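Visitor: Work out the full structure, taking the sequences as your base and the hints as a guide.
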Amino acid sequence: MKKQLFTSFYIAVLGMAVVCGSCSKDFLDTQPQQSTDLNVAFVDISSGRASLNGLYSQVKGVSYLGRSLYVTADLLSDNGYLSSSNSKRYLQFDSYTTNSGNGDARDMWNTLYSVVVNANLLIQNGNKAQLPSSDSDEKAQIIGEAYAIRALAYFDLMRLFAQPYNYTAGASHLGVPLVIETVADANAVISPARETAAKVYAQIESDLRQAISMIPATPVGYAVSSNKGRISLNGAKAILSRLYLYMEKWEAAETMATEVISSNKYTLLAKDKLAGDFQLQNNGETVFEILYLTTDNLGTDAMVNFCLQGGSYGDLLATEDLYNQYDAADARRAFLVKGKRSGAENPAVLINKYVNKTTYLEGMKVVRLAEVYLNRAEARAMQGKDAPAAADVDVIRSRALGTVAPTTATGPALLDIIKNERRKELCFEGQRLFDLTRWKQSFTKFKTGGATRSIAYPNNKTIMPIPLSEINANPNIAAQQNPDY
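For the sequence shown, position 390 (counting from the first letter as 1) is numbered 390 according to the UniProt record's numbering, and the numbering increases by one without interruption.
Don't read these hints as lab results, they were simulated from the structure.
Hints should not be assumed to be uniformly reliable.
With a cut-off of at most 30 Å between alpha-carbon atoms, the simulated DSSO-like pairs for lysine-lysine come out as follows [what the hints assert, rightly or not]:
(1) K60 / K265
(2) K265 / K424
(3) K447 / K60
(4) K249 / K440
(5) K88 / K338
(6) K419 / K440
(7) K271 / K340
(8) K419 / K447
(9) K461 / K60
(10) K340 / K199
(11) K199 / K271
(12) K60 / K419
(13) K60 / K385
(14) K461 / K440
(15) K424 / K88
(16) K338 / K447
(17) K461 / K199
(18) K461 / K419
(19) K88 / K249
(20) K440 / K424
(21) K271 / K88
(22) K338 / K419
(23) K271 / K385
Each pair of labels, with its calculated beta carbon distance range [claimed, not checked]:
(24) G170 / P192: 16 to 24 Å
(25) S46 / V337: 45 to 53 Å
(26) Y222 / G339: 34 to 42 Å
(27) S85 / A223: 41 to 49 Å
(28) T97 / Q130: 20 to 28 Å
(29) N472 / L401: 47 to 55 Å
(30) K88 / S442: 38 to 46 Å
(31) P216 / S85: 44 to 52 Å
Since the structure is predicted, the reported quantities are computational estimates derived from the model, not experimental observations.
For each residue, glycine too, the CB sits at the ideal point set by N, CA and C.
Guide: Structure (structure tokens):
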């Protein structure tokens with residue numbers, strides 16, 4: 001049956017040419033109206049590997065984990081603001097004036113759905129592929145990673161374009177369109193409406209559970225310690241522990257976090273090594289990160305150039321409010337430096353978390369062991385397990401400060417400590433705005449020159465608009481725009 005295919009999915013299906021390194025020239029030249037056999041995407045283990053590599057290439061783009069997600073999460077929060085001397089990127093985000101024609105929001109939407117569609121294709125074609133039994137373990141691993149990537153993309157679509165899970169009873173509010181099958185016929189069309197948040201989150205959970213069942217503890221063909229740019233078994237579990245915090249499934253969040261910690265495959269960077277070794281790809285603390293090669297050629301689009309003074313832009317600055325959360329002895333304060341923004345703010349709090357502007361070979365951390373400890377601390381505190389929750393947060397505090405007095409706070413006071421440690425530990429790693437909204441917490445948005453804006457929870461502008469191009473192309477989503485857009 002043929003239905004109407006709306007813009008992003010249409011583009012994404014054609015974009016399979018980028019994902020599949022083994023596709024034929026005819027496929028690369030396919031016009032939109034032509035029918036294409038997309039089953040060539042996974043015909044043997046080599047083409048399966050190529051398809052998976054292409055999928056990771058989409059994830060690392062600047063409109064997703066390469067920059068935009070990380071900028072959005074801190075720029076719209078109390079952590080960051082744009083310098084008065086800027087490249088005019090993300091200006092509407094900074095001023096809370098984003099509209100449905102915003103290009104950055106549109107590009108995130110398009111990129112994320114391109115990831116979803118191509119993950120669908122890899123899963124579908126992988127499941128149909130008849131491979132030798134000697135390749136069965138690696139085939140399962142590849143498909144499992146595709147499930148995990150699809151889950152991550154949908155999780156981030158929900159964080160960006162929908163209110164948090166606990167916004168309504170039973171998460172009955174609108175989520176995003178849920179498409180878990182991609183039609184191989186380029187003439188076929190779909191016009192999906194937005195599903196409820198509950199249904200989308202259930203799919204994310206299911207995908208991560210499926211990934212965990214398929215990805216082996218010891219990967220086939222590579223070592224986790226030397227390639228954390230692929231989602232390992234523990235990577236999927238760590239992301240699931242984060243998801244369960246959003247869904248307020250505290251016991252399940254604790255269980256997943258404990259499994260990652262107890263695997264003993266990761267080690268917190270030492271206090272005196274934190275500032276220097278954080279930037280290193282595949283460092284011992286990282287559970288999953290986006291790795292870059294010189295051939296990725298991010299150049300001036302790299303996150304480092306958007307943060308670091310002396311880079312091409314240096315637009316993004318940290319707030320004094322964030323800087324003041326750190327004790328003078330806190331090793332993490334090295335990521336924020338009091339200085340001068342060239343030709344603009346003086347003084348300014350400069351971001352020093354991303355520093356490699358020579359080769360840009362600096363991984364974007366998706367999940368670190370430190371977060372997993374904080375996930376477990378929060379999950380335990382929400383179950384009233386104050387002592388073990390305090391022990392977890394003290395692991396993070398002692399790494400940052402050295403010897404510390406044990407945390408004795410309980411109840412809401414303990415939870416406040418955990419939340420503030422999460423802010424300090426994970427700033428500019430794509431978390432802050434989403435943490436604030438899932439905690440239903442109002443906050444102050446800071447701007448250059450000391451201007452402030454109170455952001456009360458709930459706020460329609462803490463989520464992105466559905467792009468106008470989608471509203472116009474898909475009749476089933478036309479009446480489902482987010483409020484105030």
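Visitor: Work down the list of hints and note, for each, if the structure agrees.
Guide: Results of checking the hints against the structure:
With a CA separation close to 24 Å, the supplied pair K60 and K265 stays within the 30 Å bound. For the hint linking K265 to K424, the alpha-carbon distance of about 24 Å falls within 30 Å, and the restraint holds. The hinted pair formed by K447 and K60 meets the criterion: a straight-line CA distance of about 29 Å does not exceed 30 Å. At roughly 16 Å between alpha-carbon atoms, K249 and K440 fall within 30 Å of each other, so this suggested pair holds.
Restraint check for K88 and K338: the C-alpha separation of about 23 Å stays at or below 30 Å, so the hint holds. Straight-line distance between C-alpha atoms of K419 and K440 comes to about 12 Å, which keeps the hinted pair within the 30 Å bound. At most 30 Å may separate the alpha-carbon atoms for a hinted pair to count; K271 and K340 meet this at roughly 27 Å. A distance of roughly 23 Å separates the Cα atoms of K419 and K447; the hinted pair therefore holds under the 30 Å criterion.
With a C-alpha separation of about 26 Å, the suggested pairing of K461 with K60 holds against the 30 Å cut-off. Annotation: proposed proximity of K340 to K199 is violated, straight-line Cα distance about 48 Å (limit 30 Å). The hinted pair formed by K199 and K271 fails the criterion: a straight-line CA distance of about 42 Å is larger than 30 Å. Between K60 and K419 the CA atoms are separated by roughly 28 Å; this keeps the pair inside 30 Å, and the hint holds.
A hinted pair counts as satisfied when its Cα atoms are at most 30 Å apart, and K60 with K385 does not qualify at roughly 38 Å. Among the hinted pairs, K461 with K440 is consistent with the structure: their alpha-carbon atoms are about 14 Å apart, no more than 30 Å. Taking the CA atoms of K424 and K88, the gap is about 27 Å. The hint holds against a cut of 30 Å. Between K338 and K447, the direct Cα distance comes to roughly 17 Å. Compliance with the 30 Å bound is thereby established for this hinted pair.
Restraint check: the Cα-Cα separation between K461 and K199 comes to about 23 Å, which is no more than 30 Å; the hinted pair holds. For the given pair, K461 sits about 22 Å from K419 by alpha-carbon distance, which is consistent with the 30 Å threshold. The suggested pairing of K88 with K249 is violated, with an alpha-carbon distance near 40 Å, which exceeds 30 Å. In summary, the hint linking K440 to K424 is supported, as the alpha carbons are separated by about 19 Å, within the 30 Å threshold.
The hinted pair formed by K271 and K88 fails the criterion: a straight-line CA distance of about 37 Å is larger than 30 Å. With a C-alpha separation of about 24 Å, the suggested pairing of K338 with K419 holds against the 30 Å cut-off. With a C-alpha separation of about 27 Å, the suggested pairing of K271 with K385 holds against the 30 Å cut-off. Taking 16 to 24 Å as the suggested C-beta distance range, the pair G170 and P192 conforms, at roughly 21 Å.
Checked against the given bound of 45 to 53 Å, the beta carbons of S46 and V337, roughly 47 Å apart, stay inside it. A beta carbon spacing of about 40 Å between Y222 and G339 agrees with the range 34 to 42 Å that was offered as a hint. Under the hint 41 to 49 Å, the C-beta atoms of S85 and A223, about 44 Å apart, fit the expected range. For T97 and Q130, the Cβ-Cβ distance of about 54 Å falls outside the hinted range of 20 to 28 Å, so the restraint is violated.
At roughly 53 Å, the beta-carbon separation of N472 and L401 lies within the given 47 to 55 Å, and the hint holds. As the Cβ distance of K88 to S442 is approximately 29 Å, the hint placing it in 38 to 46 Å is violated. For P216 paired with S85, a C-beta distance near 50 Å keeps the hint of 44 to 52 Å intact.
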